[in-house]
Amino acid sequence: MTSCYGRFTGGYAVSYRLPQSRKPSRAAVISFHLRNLTTNQRPELFLRSSKRNNLYIVATATAAAAAAGERSGGQEGAGACSYSVGDLVDLTTSSERAVVNDERSYGRRVEVLVAAATAVALSVGNRVLYKLALVPLKHYPFFLAQIATFGYVAVYFSILYFRYHAGIVTDEMLSMPKAPFLAVGLMEALASVTGMAAAAILSGASIPILSQTFLVWQILLSTIFLGRRYRVNQLFGCFLVATGIILTVASGSGAGHSLKHAGIFWSLLMIVSFLFQAAGSVLKELIFVDVAQQLKGGSVDLFVVNSYGSAFQALFIFLLLPFVSKLWGIPFSQLPNYLRDGAACFLNVGSLSSGCDGAPLLPLLYVVVNMGYNIAMLHLLKISSAVASSLASTVSEPISVFMFTLPLPYLAAASYLPPGFIAGAVILVLGLLTYAWTPAASPASSCSPSNN
Numbered sequence: 001m002t003s004c005y006g007r008f009t010g011g012y013a014v015s016y017r018l019p020q021s022r023k024p025s026r027a028a029v030i031s032f033h034l035r036n037l038t039t040n041q042r043p044e045l046f047l048r049s050s051k052r053n054n055l056y057i058v059a060t061a062t063a064a065a066a067a068a069g070e071r072s073g074g075q076e077g078a079g080a081c082s083y084s085v086g087d088l089v090d091l092t093t094s095s096e097r098a099v100v101n102d103e104r105s106y107g108r109r110v111e112v113l114v115a116a117a118t119a120v121a122l123s124v125g126n127r128v129l130y131k132l133a134l135v136p137l138k139h140y141p142f143f144l145a146q147i148a149t150f151g152y153v154a155v156y157f158s159i160l161y162f163r164y165h166a167g168i169v170t171d172e173m174l175s176m177p178k179a180p181f182l183a184v185g186l187m188e189a190l191a192s193v194t195g196m197a198a199a200a201i202l203s204g205a206s207i208p209i210l211s212q213t214f215l216v217w218q219i220l221l222s223t224i225f226l227g228r229r230y231r232v233n234q235l236f237g238c239f240l241v242a243t244g245i246i247l248t249v250a251s252g253s254g255a256g257h258s259l260k261h262a263g264i265f266w267s268l269l270m271i272v273s274f275l276f277q278a279a280g281s282v283l284k285e286l287i288f289v290d291v292a293q294q295l296k297g298g299s300v301d302l303f304v305v306n307s308y309g310s311a312f313q314a315l316f317i318f319l320l321l322p323f324v325s326k327l328w329g330i331p332f333s334q335l336p337n338y339l340r341d342g343a344a345c346f347l348n349v350g351s352l353s354s355g356c357d358g359a360p361l362l363p364l365l366y367v368v369v370n371m372g373y374n375i376a377m378l379h380l381l382k383i384s385s386a387v388a389s390s391l392a393s394t395v396s397e398p399i400s401v402f403m404f405t406l407p408l409p410y411l412a413a414a415s416y417l418p419p420g421f422i423a424g425a426v427i428l429v430l431g432l433l434t435y436a437w438t439p440a441a442s443p444a445s446s447c448s449p450s451n452n
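Taking the working numbering, the leading residue of the sequence shown gets 1, the next gets one more, and so forth.
Derived from the structure by calculation, the hints contain no laboratory data. Mixed in with the good hints there might be a few duds.
[As the list claims (entries may be wrong)] Each computed EDC-like pair below joins lysine to aspartate or glutamate, with the alpha-carbon atoms no more than 20 angstroms apart:
(1) K296 x D171
(2) K178 x D301
(3) K131 x D357
(4) K131 x E397
[To be verified] Here are the simulated distance ranges between beta carbons:
(5) E172 x F404: 41 to 47 angstroms
(6) Q294 x D102: 26 to 32 angstroms
(7) F332 x V429: 44 to 50 angstroms
(8) I168 x G263: 47 to 53 angstroms
(9) I168 x A148: 21 to 27 angstroms
(10) N233 x S299: 26 to 32 angstroms
(11) I224 x V368: 34 to 40 angstroms
(12) Y416 x L174: 49 to 55 angstroms
(13) L174 x L319: 21 to 27 angstroms
(14) D102 x Y410: 45 to 51 angstroms
(15) F323 x L220: 24 to 30 angstroms
(16) F225 x F323: 25 to 31 angstroms
(17) N101 x S203: 47 to 53 angstroms
(18) G167 x A423: 51 to 57 angstroms
Backbone N, C-alpha and C define an ideal beta-carbon position, used for all residues, glycine too.
Let the sequences and hints guide you as you build the complete structure.
Given below as structure tokens:
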């Protein structure tokens with residue numbers, strides 16, 4: 001039998017009378033038993049709960065025993081099976097304790113699974129609605145990108161303001177060092193700029209292949225900076241997921257020829273952009289880990305990380321705006337006029353709104369879902385890891401490919417599934433199951449064995 005230890009407040013005098021209750025609960029029924037009480041023995045008080053059948057022993061000392069201890073000039077030591085006055089011994093079995101741990105572990109897995117499913121659903125919606133939002137804004141994709149960069153800062157800080165006054169965000173959270181958020185903003189800004197530069201040269205079919213390096217970078221960086229260790233099945237599962245994505249998205253599209261035609265420099269630049277993106281996500285996870293240690297198990301609100309990270313990202317994008325606008329084919333001198341025309345098309349007002357059918361509904365839907373997607377991904381990263389959030393985003397790619405085969409409004413024609421879609425989807429699912437599989441381990445008891 002195993003034993004765990006706790007305190008039961010009491011003195012030398014022990015009352016064996018139960019407090020009066022008009023209607024005692026069945027689970028609270030406790031039976032008292034006094035056994036083997038002799039002159040030189042301490043009485044043992046047994047409390048048995050009818051709900052869990054746990055046996056508690058409260059060892060109390062008689063005046064004679066206390067006097068004997070004083071005469072001996074020492075104190076009784078409390079070992080694994082010997083307790084001084086007031087010690088409470090929980091003689092629950094190791095199997096019961098394992099059940100409690102299993103329930104907590106199950107609840108944790110359910111929470112992560114629900115968060116991952118939500119992130120996947122919002123990721124699919126984000127990809128589909130971005131395609132639909134570009135129908136009215138086909139001439140203004142750069143304007144839509146700047147809304148996602150600068151507009152979200154105002155929205156996030158507004159939400160942060162209300163959460164602060166509601167008591168959800170504390171002064172301690174707001175007084176955190178801003179250097180980590182600055183680093184996150186810099187990494188995300190560099191990822192955006194280098195990704196746009198490479199995407200302007202590479203074909204759409206080759207980008208999904210190169211994007212699988214994002215998962216590799218995350219595993220590598222989390223191992224270096226977070227000290228995380230991955231099991232063989234997790235690494236193999238990530239490999240299967242990446243292979244499945246390549247088959248489902250890029251099969252039959254001539255991606256290999258496209259990569260060869262574009263040249264090695266632009267392919268490497270795209271890989272570097274995913275390095276910056278992975279570094280940003282690992283830095284966010286590092287922020288959550290450090291805060292949990294500083295606040296002794298506490299946590300920082302999501303909107304603190306989102307708000308400051310987005311603010312610094314917008315700052316660096318603003319500083320790089322002349323270069324970024326050139327990547328989109330917009331001379332910097334014409335940028336104010338371009339943004340004004342884009343706003344008119346976004347709102348579908350004025351004389352420039354011709355050909356902007358679907359606005360403002362489709363762009364607004366995309367903006368709302370994109371914000372929800374960013375929040376959901378950050379929540380998943382907070383309760384699990386950057387790799388788990390990456391897998392959730394990766395899984396959404398083949399689902400999005402399938403969604404575009406459906407007759408969606410405002411799109412001219414539905415696309416066709418790639419030749420290797422089914423095989424790739426099966427490999428992807430196997431990869432996810434392999435990654436999530438946890439080898440069975442016998443629960444180790446933290447209590448010492450007892451012969452009672």
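Evaluation of the provided hints:
no. : hint                            : in the structure
1   : K296 x D171                     : holds (16 angstroms)
2   : K178 x D301                     : holds (15 angstroms)
3   : K131 x D357                     : holds (14 angstroms)
4   : K131 x E397                     : holds (13 angstroms)
5   : E172 x F404: 41 to 47 angstroms : holds (46 angstroms)
6   : Q294 x D102: 26 to 32 angstroms : holds (31 angstroms)
7   : F332 x V429: 44 to 50 angstroms : holds (47 angstroms)
8   : I168 x G263: 47 to 53 angstroms : holds (50 angstroms)
9   : I168 x A148: 21 to 27 angstroms : holds (25 angstroms)
10  : N233 x S299: 26 to 32 angstroms : holds (29 angstroms)
11  : I224 x V368: 34 to 40 angstroms : holds (36 angstroms)
12  : Y416 x L174: 49 to 55 angstroms : holds (51 angstroms)
13  : L174 x L319: 21 to 27 angstroms : holds (25 angstroms)
14  : D102 x Y410: 45 to 51 angstroms : holds (49 angstroms)
15  : F323 x L220: 24 to 30 angstroms : holds (28 angstroms)
16  : F225 x F323: 25 to 31 angstroms : holds (29 angstroms)
17  : N101 x S203: 47 to 53 angstroms : holds (51 angstroms)
18  : G167 x A423: 51 to 57 angstroms : holds (52 angstroms)
The structure fails none of the hints (numbered hints given earlier).
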